[in-house]
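**Student:** Here the protein sequences line up with chains A and B, keeping their order.
Okay, so the first sequence: first residue is 1 according to the numbering used here, each after it adds one.
Okay, so the second sequence: first residue is 1001 according to the numbering used here, each after it adds one.
I should point out that these hints are in silico values taken from the structure, not numbers from a laboratory.
Wrong hints could be hidden among the right ones.
Calculated cross-link-like contacts (lysine-lysine; reagent style DSS-like; alpha-carbon spacing at most 25 Å) [unchecked claim]: (1) 95/A to 1010/B; (2) 1210/B to 3/A; (3) 95/A to 1005/B; (4) 1109/B to 256/A; (5) 1077/B to 1290/B; (6) 1104/B to 3/A; (7) 4/A to 1210/B.
Covered stretches of chain A (chain B as the covering partner; in silico rule of three or more C-beta atoms under 8 Å from a C-beta of chain B) [unchecked claim]: (8) 9 to 22; (9) 120 to 127; (10) 242 to 251.
The beta-carbon is built from N, C-alpha and C at its ideal position, and this holds for glycine as well.
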Amino acid sequence: MTKKIVLYVLLSISAFIMFAPILYALSVSFMSADDINNAALLPSDPNVQGYLDAAERIPLLEFIFNSFLIATVTMVSQIILCSLAAYAFVFIPFKGRNFLFILLLSTMLIPFESTIVPNHVTILNLGWLDTYQALIAPTLVTPFGVFLLRQHFLTLPKELWDAARMDGVSYFRYYLSIALPLSKTTLGALSIFAFISSWNSYLWPLIMTSDDSVRPIQIGLKMLVSSQASTDWPIVMAGAIIALLPTLLILFFGLKYIRKGLLSGGVKG
Amino acid sequence: MKPLKKTFVKELKLFGMGLLYLLPTFLILGVFLFYPIIKTLQFSVSDVLDGGIVTEFVGLEHFLSLFSSSAYLNSIKVTFLFVLYTVPLTIMLSLFLAVIANEKLKGNKFFQMIFSSQLGISGAASSAILLFFFHPTLGTINNILGYFGIPSVEWLTSPDWALFSVALATIWMGLSLNFILFLGGLQNISKDLYESATVDGAGYWVRLFKITIPLLSPVLFFVTIINFINALQSFGQIHILTEGGPTEATNLLVYSIYRESFIYGNYGLASAQAVMLFIITLIITLIQFKVGERRVHYQ
Chain A
1 MTKKIVLYVL LSISAFIMFA PILYALSVSF MSADDINNAA LLPSDPNVQG
51 YLDAAERIPL LEFIFNSFLI ATVTMVSQII LCSLAAYAFV FIPFKGRNFL
101 FILLLSTMLI PFESTIVPNH VTILNLGWLD TYQALIAPTL VTPFGVFLLR
151 QHFLTLPKEL WDAARMDGVS YFRYYLSIAL PLSKTTLGAL SIFAFISSWN
201 SYLWPLIMTS DDSVRPIQIG LKMLVSSQAS TDWPIVMAGA IIALLPTLLI
251 LFFGLKYIRK GLLSGGVKG
Chain B
1001 MKPLKKTFVK ELKLFGMGLL YLLPTFLILG VFLFYPIIKT LQFSVSDVLD
1051 GGIVTEFVGL EHFLSLFSSS AYLNSIKVTF LFVLYTVPLT IMLSLFLAVI
1101 ANEKLKGNKF FQMIFSSQLG ISGAASSAIL LFFFHPTLGT INNILGYFGI
1151 PSVEWLTSPD WALFSVALAT IWMGLSLNFI LFLGGLQNIS KDLYESATVD
1201 GAGYWVRLFK ITIPLLSPVL FFVTIINFIN ALQSFGQIHI LTEGGPTEAT
1251 NLLVYSIYRE SFIYGNYGLA SAQAVMLFII TLIITLIQFK VGERRVHYQ
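Here chain B stands alone, though its shape is the one from the complex (with noise of 0.2 Å):
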């Protein structure tokens, strides 16, 4: 019986032990993570008054108000076009960058560290910077299309540009992040393919469809999550650019959230926006586990 009781204690000791390294993680985590999780759930489904007081369970009713209110469809619709656009041309644009600095040449740290200077420029600051680009009478990018004769373009404030523009700031932004790991990717792959593909006779665009994009593959789908995440939670940028409009132009998920709850004081409808976020964002995440695992090579 002694040596049970001696696992026993021993086994109660480690335990303890573990949780006391964990326990200010996981305190953490339960009261801005767990517990707000929970709280959202409720709140969804209840009439909730200022200070996070819950008065009424009112059921499915935030939810039928949400598909039936045309400024909600809207705001779907928006962030779906606003994800189509900026998530493939993210990733193209920055998987060409790496390609192009991985090369061997003279100064291509210099370029490297180009590519990737977005990773340290706040979302707010770019966009400021890009505001004054866009502006219609005096900004930069009309002043570019002027001297070459192209009529000026209401970049921000009309609404069938408004999207794309944010669109186009939003992948600026997020070049960097996707350059940085395609990089390194890259650079994980053994040099040794390239040269007995060069013996066989391989060129350019072969060992690079043959042997690097597929390397490239964890990377790829490892990005690919990323870029979807990141993008169905856009907010500074539509802050700071359009505040949303003109028009819902530009009411992406998490503007519509914020606005709903911090301007308008809807706490139960902007819970209910939260669940809906949360559900896209699963959704989204499990056909890319689906489509892409299959598609993944591991070296």
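Only chain A is shown next, with the shape it has when bound in the complex (with noise of 0.2 Å):
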């Protein structure tokens, strides 16, 4: 009994540590200058002015609008290409596959981040800064998510596999009517990473555009943070909800999805 109450103190007090900045962030977005001068928890006369405010400083719908674009067309992409590559991996058996898995490998090794200087080259002399092309190409496919799946498709039944190529089936007809339903659950991970870390990226967007006409929600909330001279909190609180809500739903409805889809592929190896 005294363990489950310690247990609870300890639950109740983690998860507000974690919760409770999102929860005020709501609060003050909905606060005058006022309250928050005196600091108050909750909003003495709630009102969206904040939204309202923020909608009028940056183009608010606009780069929501762009964000799921450029997220959703990632992850179509993302399941597509991975899960081909990753059926390569497994079942086709070709020579020279297993040098290319290991180079696929070794890119997971290479950070983003030390490219970015020749990339944001290439889309210079492509002519491409500015687009949404620039935005979705580099991530149109990862070496995650093809490892992911591939661990996946290596627990496939091996008498699935031997019974179908024996009533004649083709390569391609298995993947589509066979591999791919069976991987339900690793493909919902998939889909719901690739779609969080699209929205979420920040670094690429930010140098690849300089126009707000395919700007995405993370690039604008850095808009509103940026007139800091006389920074208006209520703003800037409904600008970080705005950002944060769907991505949170998403994950909030597809968290089981996500632990399921880790555990059978990355880490068990």
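Mind docking these for me? Both chains are given alone in their own frames, and the hints should help you get the complex.
**Tutor:** If you want it as structure tokens, here you go:
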């Protein structure tokens, strides 16, 4: 009994420390300047002025649309391309696949941050600065995604494959109607991961955009913050809440996929 | 001769098909990963103009000037300190969260969800929120301290505190990913082990240190590596919270690359820094494999 009470106390304190800043940000986003100066916990007269002002300061709806577009395309593309590559590594016995797989694995060691200078030059020379394709193209596929799906494909029963081959099922047919449907959980985890990390990416969009038309919401957030001289906190908090809400909801609903997906592949190895 | 020819054709067909499945992946990695790696190496030993035009081979000049630049040496130092502040604490705290959230209790699903929440929140949003918490006069942290009569701290604006504050923010942001991995690892440990240990009279702490932690070591190993890599690559929180300042106190390696190339326009020097970042990441990962592999128990 005592153990239970101690655990509940520890859990509650931890949950409070973890999540209170988010809840307080939500509260501040509805506050007036007076409330903030008085260090109020809750808005005395809740209003959505912060949200309206944020939308006036930056093209908020456009930024959100951009983020959705970029994250969705990235997600769909990663599912298709990563699964095709992973499938080839597991099911198509061609010469040199081990070499290619090791090559792919070794790229996971290279920080994307250490290649941004020439990547910026590439995009510049393609004339792609301030375009959607510049923001999307480098993340159409990730070695991590290929690795995760390969680990999963390796766990599919061998008998299934043998039986299907016996029946003359083609490689592509097996991929489409057997391998993919049996990988829903891992594909779910990868989709959520891809969407969230694209939505939340920061450095790459920062150097790719100077124009509002294609900017994602994360960069918009920095624009709200950087007018520091008279930082209007309800505006900043409103922006932060809008930027975090979609991915937080996706995470809450998709958590079980992420957990199962990551464990079947990432860790057990 | 015939069967040999037939196998050869079959092999060739398989090879072609394999490459076809892999083509898009390697095309994209080629353009945005393999090619830039080679280019980074080339830029790091050259003078580079805007638009990536290489004008002159300068050998190791950029690297030499990095090692004689106090700003860059400081950047390495603060990155090292930052890793030291963030990695061990993030791992210990998230392991603690995973252990308490893994107990059979009513409502543990709710706590698991709260502890996972940061994974869905961008670094930019978290940083914007913490910017308010760290504010010297209006900020929540100083308000709370003031309530207990503790004098205000210049969290982000004093060179003594800024790195610590950014590290604190990073720990908070990094807990969730580790928590999810640890919790998964804990749930994979077979219940029978605990039961037989309990029968043998092992108490809570003995079970924790003799069963749980050793069996969790593969996850612990994996988590340690990704934490080091994430810490070395921190950028968003620096850009929003401190922009590398005050007086270079939070000028971490990636921020330094960003500033050198996209603010000062020194592509050559920035590329030399990028090569250094890669080498440092590689060395740390290799050390971990050397040290870690020996201590990892696989079930």
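**Student:** For a C-alpha distance cap of 25 Å, please report whether residue 4/A and residue 1210/B respect it.
**Tutor:** Between residue 4/A and residue 1210/B the Cα gap is close to 22 Å, so the pair holds against 25 Å.
**Student:** Can you confirm whether the C-alpha distance between residue 1109/B and residue 256/A stays at or below 25 Å?
**Tutor:** Holds: residue 1109/B and residue 256/A sit about 11 Å apart, inside 25 Å.
**Student:** Please verify whether residue 95/A and residue 1005/B have alpha carbons no more than 25 Å apart.
**Tutor:** It holds: about 16 Å lies between the C-alpha atoms, which stays within 25 Å.
**Student:** Run the distance test for residue 1210/B versus residue 3/A: straight-line Cα separation, threshold 25 Å.
**Tutor:** The given pair, whose Cα atoms are some 20 Å apart, holds under the 25 Å limit.
**Student:** With the threshold set at 25 Å, check whether the alpha-carbon distance from residue 1104/B to residue 3/A stays at or below it.
**Tutor:** holds (12 Å)
**Student:** Go check the stretch 120 to 127 of chain A versus chain B for me, would you? Three or more residues, Cβ under 8 Å, otherwise it fails.
**Tutor:** holds (count 5)
**Student:** Mind taking a look at whether chain B covers the stretch 9 to 22 of chain A? Criterion is 3 or more residues with CB to CB distance under 8 Å.
**Tutor:** holds (count 8)
**Student:** Per the coverage rule (Cβ-Cβ under 8 Å, at least three residues), is the stretch 242 to 251 of chain A covered by chain B?
**Tutor:** Check passed, 7 qualifying residues.
**Student:** Could you grab the alpha-carbon distance between residue 95/A and residue 1010/B and see if it respects the 25 Å cut-off?
**Tutor:** At roughly 11 Å apart (the allowed maximum being 25 Å), residue 1010/B and residue 95/A satisfy the hint.
**Student:** Is it true that the CA of residue 1077/B sits at most 25 Å from the CA of residue 1290/B?
**Tutor:** Given pair residue 1077/B, residue 1290/B holds - Cα atoms ~24 Å apart, limit 25 Å.
Checked against the numbered hints listed earlier, the structure breaks none of them; every hint is satisfied.
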